[in-house]
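Novice: Numbering-wise (the numbering used here), the sequence shown opens with residue 1 and increments by one.
Worth double-checking, as some hints may not be accurate.
[What the hints assert, rightly or not] EDC-like mimics (lysine to aspartate or glutamate), calculated; alpha carbons at most 16 Å apart, straight line: (1) Lys350 with Glu316; (2) Lys416 with Asp219; (3) Lys101 with Asp376; (4) Lys101 with Asp439; (5) Lys101 with Glu39; (6) Lys435 with Glu312; (7) Lys416 with Asp399; (8) Lys363 with Glu312; (9) Lys346 with Asp365; (10) Lys386 with Glu72; (11) Lys386 with Asp338; (12) Lys505 with Glu573; (13) Lys285 with Asp275; (14) Lys416 with Asp376; (15) Lys292 with Glu316; (16) Lys346 with Glu312; (17) Lys363 with Asp338; (18) Lys89 with Glu116; (19) Lys597 with Glu441; (20) Lys20 with Asp159; (21) Lys291 with Glu196; (22) Lys101 with Glu312; (23) Lys292 with Glu329; (24) Lys346 with Asp13; (25) Lys350 with Glu329; (26) Lys136 with Glu116; (27) Lys155 with Glu72; (28) Lys47 with Glu72; (29) Lys363 with Glu316; (30) Lys435 with Glu289; (31) Lys307 with Asp338; (32) Lys20 with Glu72; (33) Lys255 with Asp219; (34) Lys334 with Asp365; (35) Lys291 with Asp338; (36) Lys136 with Glu172; (37) Lys89 with Glu289; (38) Lys386 with Glu312; (39) Lys505 with Glu116.
What the hints contain is simulated information worked out from the structure, not anything from laboratory work. On a predicted model such as this, the values are computed, not experimentally measured, just so you know.
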Amino acid sequence: MPATIIENFNPNDPRTEGEKYLLEMFRTSTRFEGWTVFEQPHINSMKPDFVLTNPQKGILIIEVKDWNLNSEVYNRNGYIRGTDGNYYKSNPINQVEYYKKNILHYQLLSSVNLSERFSRYFSCIETIVYFHYATKHAAMNYCNAFDSHTKVWTKIDIDYIGNSENRLNHNEHTYALSRNYSSFSQNGLLENLVSELNLQLQHADYNYERRQPFTLTSDQKKLASLSPGSIRRWSGVAGSGKSIIIAEKATQAAKIDKQVLILSFNITLRHYLRDLCSQQFGPGKYQGERKKLKSHITISHFHDFLKLLLTEHQLEVNFDDENENEGYEITLMKAANDYFQSHAIKPHLKFDYILIDEGQDFKADWIRFLKNFFTDRGELFIVYDKAQNLYGHGVWIEDSEQIKDIGFRGKPGHLKYTHRLPNKIVQKIALVRQKLQLDGEDILLAKQEQESFFQKTFWHNYRPHTRLEKLQQIEQHLRHLYGSNQLEDITILTTNENTGAEIVKYVNNLGAETSHVYDLNRQQDRERRRVEKWKFQGGTGRLKVSSYHSFKGWQTPNVLLILDSPTTNYNGEQIIMGNPPLEAVQNALFISMSRVKGRADNGEYTFTCLNYLPEYDHLSSIFDGHFEVELPF
């Protein structure tokens with residue numbers, strides 16, 4: 001039998017001759033028995049030409065180009081002449097490799113397990129560019145593909161592959177097609193990955209948990225109601241429901257067939273927003289309605305959205321420059337703006353609703369750029385918290401000069417009541433601010449609640465002499481929390497990457513699985529951090545260990561804050577302390593305390609700070625009494 005083909009014919013975008021030729025091979029060649037072929041699937045605003053899956057062999061992503069490379073429109077090394085006469089870098093290898101990276105890192109939860117079993121997990125998805133009219137030599141030269149993992153096929157390759165009698169070579173034709181079983185198929189890992197991807201590509205209910213949507217307050221409902229034609233900004237205190245309002249507004253819009261873009265700044269927050277939208281959508285009013293979660297809502301972080309735009313318009317994205325530092329996004333926005341001056345934006349990248357969470361981390365120029373992709377038929381809506389401005393962007397959103405030409409009218413709205421933060425936590429935040437003489441807007445309680453014996457806040461001052469002594473102190477408190485909680489409900493927050501990496505390695509050696517955001521080699525390597533951040537997701541059953549920056553927007557019943565200097569380092573067992581920047585310590589205290597949420601079943605929570613900074617010892621008087629636990633070694 002040939003492949004199972006999930007067709008997606010669009011009369012407004014008819015198939016090219018190359019796409020027809022490939023489809024015919026999939027339909028007729030017995031080599032593709034057991035494969036599922038998805039034609040132009042739509043996944044989080046990405047539209048690869050073909051995705052092929054086989055639970056025993058692997059996954060293929062194919063991009064088809066019917067280009068005549070002999071034409072002067074195409075220049076060697078991946079340049080294509082635009083309608084404005086200028087040449088643009090447009091190497092399709094970058095396009096398929098972006099699809100691969102994004103699908104693995106942001107769309108598939110089961111890829112976390114695969115990545116931890118196989119160091120070369122990335123090769124479970126193989127990428128191909130098919131040139132229907134070009135010769136092999138011309139196609140390889142155009143793509144500069146001689147050192148690329150992506151395969152370049154031409155019509156001769158398709159004819160050879162289509163004949164099931166021919167023996168295939170993995171260097172030319174992919175491992176997945178040349179072997180009977182993938183090395184990733186052991187223990188069902190590849191099968192789980194393929195199953196999850198198939199459900200994603202079919203917009204099925206792969207991750208719907210039978211949880212009730214959050215019930216919004218009257219103020220939250222009013223703000224979450226759709227308001228077409230508006231451009232608005234609302235600030236809100238911690239726990240006021242900003243992310244829930246974003247999710248509710250997004251799902252309402254999707255249900256009436258509007259296209260929605262949700263953006264965050266942090267990579268880690270996009271996973272939380274995805275799960276929140278799934279919960280808030282509810283079971284649906286009719287069978288199949290929940291498919292709109294995939295077909296109508298795109299969730300990304302800002303820098304990755306820039307890469308998506310360039311990739312979908314076949315402009316090269318240089319992954320090696322993805323430092324996400326000052327200047328990186330400026331380069332990408334300029335490339336996009338230059339191109340869109342003379343080229344139309346693809347329809348699937350125009351959005352009726354653009355919703356931004358943690359807007360204080362954005363910049364005014366980013367919002368002006370995003371308006372290019374706004375249809376004006378819905379809303380551009382931004383929520384933010386002035387107290388959580390961690391990236392030095394200032395409170396741009398309230399600066400009359402910076403917000404010119406964005407379209408805000410009047411003063412920003414404000415959500416002043418917290419609905420998530422427990423009473424005691426709100427009181428402790430106020431007392432810490434008072435002790436440290438910090439300014440900050442008051443967090444008001446929506447309702448008073450009776451304090452429970454199991455709602456505790458602790459502060460412990462420690463002066464360890466060695467690295468091991470410090471780690472054993474942390475283990476003591478972790479074991480105490482684990483005595484009455486699942487690991488999933490415990491989060492360790494740090495002010496220092498070196499300390500975070502040491503904790504992760506120590507806890508892993510104890511046999512506990514962790515999700516974290518660090519370079520464990522302690523070299524502050526951005527790519528290693530990014531690899532861990534995409535694996536930082538809810539629902540994994542793991543202990544979370546995170547910087548306080550990356551945990552913004554999340555919530556947990558149990559926070560264990562390790563308060564030491566951001567410049568702390570370790571030389572063997574020696575602890576090297578630096579001078580703690582005052583602002584960083586203050587931010588860490590506020591962010592970590594504001595992430596606490598009582599358990600849904602009984603309201604229990606704990607906030608524990610292990611303080612290694614003598615100048616903050618006096619804060620211990622604000623918090624509850626100590627507990628005593630015997631060390632387990």
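Novice: Are the hints correct? Go through all of them and say.
Specialist: For each hint, the structure was consulted:
A hinted pair counts as satisfied when its Cα atoms are at most 16 Å apart, and Lys350 with Glu316 does not qualify at roughly 20 Å. With a C-alpha separation of about 11 Å, the suggested pair Lys416 and Asp219 falls inside the 16 Å cut-off, and the hint holds. A C-alpha spacing of about 31 Å is found between Lys101 and Asp376, which places the hinted pair above 16 Å, so the restraint is violated. Only pairs whose Cα atoms come within 16 Å are accepted, and Lys101 paired with Asp439 is rejected, the gap being roughly 43 Å.
Only pairs whose Cα atoms come within 16 Å are accepted, and Lys101 paired with Glu39 is rejected, the gap being roughly 19 Å. Proposed proximity of Lys435 and Glu312 is contradicted: the alpha carbons are some 52 Å apart, above 16 Å. Distance check on the hinted pair: Lys416 and Asp399 sit about 20 Å apart at the alpha-carbon level, beyond 16 Å; violated. Between Lys363 and Glu312 the CA atoms are separated by roughly 24 Å; this puts the pair beyond 16 Å, and the hint is violated.
This hinted pair does not check out: Lys346 and Asp365 have alpha carbons roughly 22 Å apart, beyond 16 Å. Distance hint between Lys386 and Glu72 is unfulfilled; the C-alpha atoms sit about 53 Å from each other, more than 16 Å. Our distance criterion of 16 Å between C-alpha atoms is broken by Lys386 and Asp338, whose separation comes to about 33 Å. Taken as a hint, the Lys505 and Glu573 pair is honoured in the structure, with Cα atoms around 15 Å apart against an allowance of 16 Å.
For the given pair, Lys285 sits about 19 Å from Asp275 by alpha-carbon distance, which is inconsistent with the 16 Å threshold. In summary, the hint linking Lys416 to Asp376 is not supported, as the alpha carbons are separated by about 29 Å, beyond the 16 Å threshold. Proposed proximity of Lys292 and Glu316 is contradicted: the alpha carbons are some 30 Å apart, above 16 Å. Among the hinted pairs, Lys346 with Glu312 is consistent with the structure: their alpha-carbon atoms are about 8 Å apart, no more than 16 Å.
Distance check on the hinted pair: Lys363 and Asp338 sit about 20 Å apart at the alpha-carbon level, beyond 16 Å; violated. Of the pairs offered as hints, the one joining Lys89 and Glu116 is violated, with about 35 Å between alpha carbons and a cut-off of 16 Å exceeded. Distance check on the hinted pair: Lys597 and Glu441 sit about 20 Å apart at the alpha-carbon level, beyond 16 Å; violated. For the proposed pair Lys20 and Asp159, the alpha carbon gap of about 13 Å is at most 16 Å, so the pair holds.
Only pairs whose Cα atoms come within 16 Å are accepted, and Lys291 paired with Glu196 is accepted, the gap being roughly 14 Å. Note on Lys101 and Glu312: the hinted pairing holds, with a Cα-Cα distance of about 14 Å set against a maximum of 16 Å. With a C-alpha separation of about 30 Å, the suggested pair Lys292 and Glu329 falls outside the 16 Å cut-off, and the hint is violated. For the hint linking Lys346 to Asp13, the alpha-carbon distance of about 12 Å falls within 16 Å, and the restraint holds.
Between Lys350 and Glu329 the alpha-carbon distance is near 20 Å, which puts this suggested pair outside the 16 Å criterion. For the given pair, Lys136 sits about 37 Å from Glu116 by alpha-carbon distance, which is inconsistent with the 16 Å threshold. A distance of roughly 22 Å separates the Cα atoms of Lys155 and Glu72; the hinted pair therefore is violated under the 16 Å criterion. As the CA atoms of Lys47 and Glu72 are separated by approximately 27 Å, the hinted pair breaks the 16 Å bound.
Taking the CA atoms of Lys363 and Glu316, the gap is about 24 Å. The hint is violated against a cut of 16 Å. Using a Cα cut-off of 16 Å, the hinted pair Lys435 and Glu289 is violated, with the two alpha carbons roughly 52 Å apart. Note on Lys307 and Asp338: the hinted pairing holds, with a Cα-Cα distance of about 15 Å set against a maximum of 16 Å. Of the supplied pair hints, the one linking Lys20 and Glu72 is violated, its CA atoms being roughly 26 Å apart against a limit of 16 Å.
With a CA separation close to 22 Å, the supplied pair Lys255 and Asp219 exceeds the 16 Å bound. This hinted pair checks out: Lys334 and Asp365 have alpha carbons roughly 11 Å apart, not beyond 16 Å. Taking the CA atoms of Lys291 and Asp338, the gap is near 35 Å; set against the 16 Å cutoff, the hint is violated. For the proposed pair Lys136 and Glu172, the alpha carbon gap of about 11 Å is at most 16 Å, so the pair holds.
Among the hinted pairs, Lys89 with Glu289 is inconsistent with the structure: their alpha-carbon atoms are about 40 Å apart, more than 16 Å. Distance hint between Lys386 and Glu312 is unfulfilled; the C-alpha atoms sit about 34 Å from each other, more than 16 Å. Restraint check for Lys505 and Glu116: the C-alpha separation of about 14 Å stays at or below 16 Å, so the hint holds.
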